[in-house]
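Protein chains in written order, with this note's numbering: chain X, -9 to 139; chain U, -9 to 139; chain A, -9 to 139; chain F, -9 to 139.
The hints are simulated quantities; they were obtained by calculation from the structure and are not laboratory data.
Backbone N, C-alpha and C fix where the C-beta goes; we use that ideal spot for every residue, glycine too.
One or more of the hints may lead you astray.
Computed footprint of chain X on chain F, listed as stretches where at least three residues anywhere in the stretch have a Cβ under 8 Å from a Cβ of chain X [what the hints assert, rightly or not]:
1. 74 to 88
2. 100 to 110
3. 122 to 133
What follows is a set of in silico ranges between Cβ atoms, one per label pair, in the way DEER data are often shown [claimed, not checked]:
4. F:Ser26 with U:Thr121: 47 to 55 Å
5. U:Leu25 with F:Arg21: 51 to 59 Å
6. A:Gln(-3) with F:Gly105: 50 to 58 Å
In silico lysine-lysine, BS3-like type, Cα no more than 30 Å apart, as pairs [what the hints assert, rightly or not]:
7. X:Lys31 with F:Lys103
8. U:Lys103 with A:Lys103
9. U:Lys31 with A:Lys103
Protein chains: 4
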Amino acid sequence: MHDRVRQGLDAGAITALIEAHFPQVHEGSGRLEILSAGDRKATVRMLADERMMRPGGTVSGPAMFKLADFSVYVAILAVLGESALQAVTTSMTMNFLTRPKPGDLVGEARLLKLGRRLAVAEVAIHSAAETELVAHATSTYVLPSARAG
Amino acid sequence: MHDRVRQGLDAGAITALIEAHFPQVHEGSGRLEILSAGDRKATVRMLADERMMRPGGTVSGPAMFKLADFSVYVAILAVLGESALQAVTTSMTMNFLTRPKPGDLVGEARLLKLGRRLAVAEVAIHSAAETELVAHATSTYVLPSARAG
Amino acid sequence: MHDRVRQGLDAGAITALIEAHFPQVHEGSGRLEILSAGDRKATVRMLADERMMRPGGTVSGPAMFKLADFSVYVAILAVLGESALQAVTTSMTMNFLTRPKPGDLVGEARLLKLGRRLAVAEVAIHSAAETELVAHATSTYVLPSARAG
Amino acid sequence: MHDRVRQGLDAGAITALIEAHFPQVHEGSGRLEILSAGDRKATVRMLADERMMRPGGTVSGPAMFKLADFSVYVAILAVLGESALQAVTTSMTMNFLTRPKPGDLVGEARLLKLGRRLAVAEVAIHSAAETELVAHATSTYVLPSARAG
Chain X
-9 MHDRVRQGLD AGAITALIEA HFPQVHEGSG RLEILSAGDR KATVRMLADE
41 RMMRPGGTVS GPAMFKLADF SVYVAILAVL GESALQAVTT SMTMNFLTRP
91 KPGDLVGEAR LLKLGRRLAV AEVAIHSAAE TELVAHATST YVLPSARAG
Chain U
-9 MHDRVRQGLD AGAITALIEA HFPQVHEGSG RLEILSAGDR KATVRMLADE
41 RMMRPGGTVS GPAMFKLADF SVYVAILAVL GESALQAVTT SMTMNFLTRP
91 KPGDLVGEAR LLKLGRRLAV AEVAIHSAAE TELVAHATST YVLPSARAG
Chain A
-9 MHDRVRQGLD AGAITALIEA HFPQVHEGSG RLEILSAGDR KATVRMLADE
41 RMMRPGGTVS GPAMFKLADF SVYVAILAVL GESALQAVTT SMTMNFLTRP
91 KPGDLVGEAR LLKLGRRLAV AEVAIHSAAE TELVAHATST YVLPSARAG
Chain F
-9 MHDRVRQGLD AGAITALIEA HFPQVHEGSG RLEILSAGDR KATVRMLADE
41 RMMRPGGTVS GPAMFKLADF SVYVAILAVL GESALQAVTT SMTMNFLTRP
91 KPGDLVGEAR LLKLGRRLAV AEVAIHSAAE TELVAHATST YVLPSARAG
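Looking at chain X on its own, in the form it has when it is part of the complex:
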């Protein structure tokens, strides 16, 4: 039992955890679907939604920020499990590379470091229908101190 809180989670378990704790994460942009999670990575799809669109049909910067941020969070939960629910974003650098076409976006997060106190990750964002990058992010999360316990 003792080790259980540190146990990693798969895509289904993380989805259930998010729905239980942060159901409002889908508000204000397209719905976020966890496609895969594990091995220090996560892939998340953000469904197209008119609320995240900008004139000309492109996806808004805040929506891409949200996708990047959420993808990293999922990658952390996949390794650390429920004990990392309180992980908090401390910094995010985003580079916007091309204007995405209207439609679903996919974020692919990869943990570059998972330390005792900090996790650092990069995220590649592309349109669901294409492989060309539309944005790239690097992000740092502060991990809950419980983890050091």
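Given the coordinates of chain X, work out where chains U, A and F should sit on it, guided by the hints.
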């Protein structure tokens, strides 16, 4: 007439321009009010709205991203006028410093550089009721090539 | 006596501490002189040196990185004192705004946050002879865990 | 002949170009050796040198900045050729992940975007003897306007 497109704009004129071209900017977060604009600076208030709240009453990261991004855009419009409407964010680095309390947020943008092709700015974000920073951002916009004409 | 290690330091005391522990900091670029330190700020001058010059007489990016990084370190030491000697840079974002002219550079660091585990700062860099910015940086340091003790 | 200035270059040609135009790039840190260049990528080795060492044998932040910056420059030259010699770094975000052990470092740059005006790249830095990352960078270069000609 010729010089008019390069003429700077004040808060009221920018508000009218945004409402005409990007009325959807207020979607998905709290309404954005331009408090002041000019002298390479801009101050914008984001009204509290449940859609931008996270559990525990804190404001979401994407909402703060949006406030930072919009504040810089306003500071650019204040200098370059309508000809800069097509300016595009190319990068954004955000540091999240403390969890904001529920309530309105204020973004204060300042242009660090306004070149022919790029504008670089920093933004301080604080709760409307306090002076302590809750987030800090630096951002780069690519300016429309028309400007170089 | 017990509180002494947490006591802040002034420019002279920090200079002595650096010379005792990191005399090699001046290698590879111009000599670094602490002009002032305190009140969560620090001002550092980097003396012109041919090793930090690039063709055309401009100062190299790594030299500006070093000046920014050192300025933040000094601002942290000014608050936390010797106990923060083991603080470590975890991230740095630099924006290069204009090519500096040959000559001394000045870095002005300001702590945006000084938490239990992380310090976040911004740094403005300008030529000693001018006020226009040549570069701007934001940086995060991980503070030694001793501080939490 | 006309197209020649836009022609890409391999590692040997870039090395010769650097030695002719920027021989001082090796000053102040370990010597930089271009291991490979092409296909929008570059791999550069920075030889261990006491000038880039910090107490405890770790490599300094400015030296890693230099390696990252140079690796991206090589990746750009590999695509655009000599016409890109005047490309200038406009921003750099570095995340320092673990303290590198003493010894050579390797930077692996990859262009995320190569536009008409801007190039965006990421760089992974690891010790020559290991695969674990010691640092990660994203960087933006402004390309010489000649390129748009």
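Right, here's what the structure says about each hint:
1. 74 to 88: Check passed, 4 qualifying residues.
2. 100 to 110: holds (count 3)
3. 122 to 133: Since three or more residues must qualify, the claim that chain X covers the stretch 122 to 133 of chain F holds, with 4 doing so at under 8 Å.
4. F:Ser26 with U:Thr121: 47 to 55 Å: 52 Å, holds
5. U:Leu25 with F:Arg21: 51 to 59 Å: 54 Å, holds
6. A:Gln(-3) with F:Gly105: 50 to 58 Å: 51 Å Cβ-Cβ, so the 50 to 58 Å window holds.
7. X:Lys31 with F:Lys103: 23 Å, holds
8. U:Lys103 with A:Lys103: 24 Å, holds
9. U:Lys31 with A:Lys103: Answer holds: Lys31 (chain U) to Lys103 (chain A) is near 23 Å, not above 30 Å.
Of the hints listed earlier, there is not a single one the structure fails to meet.
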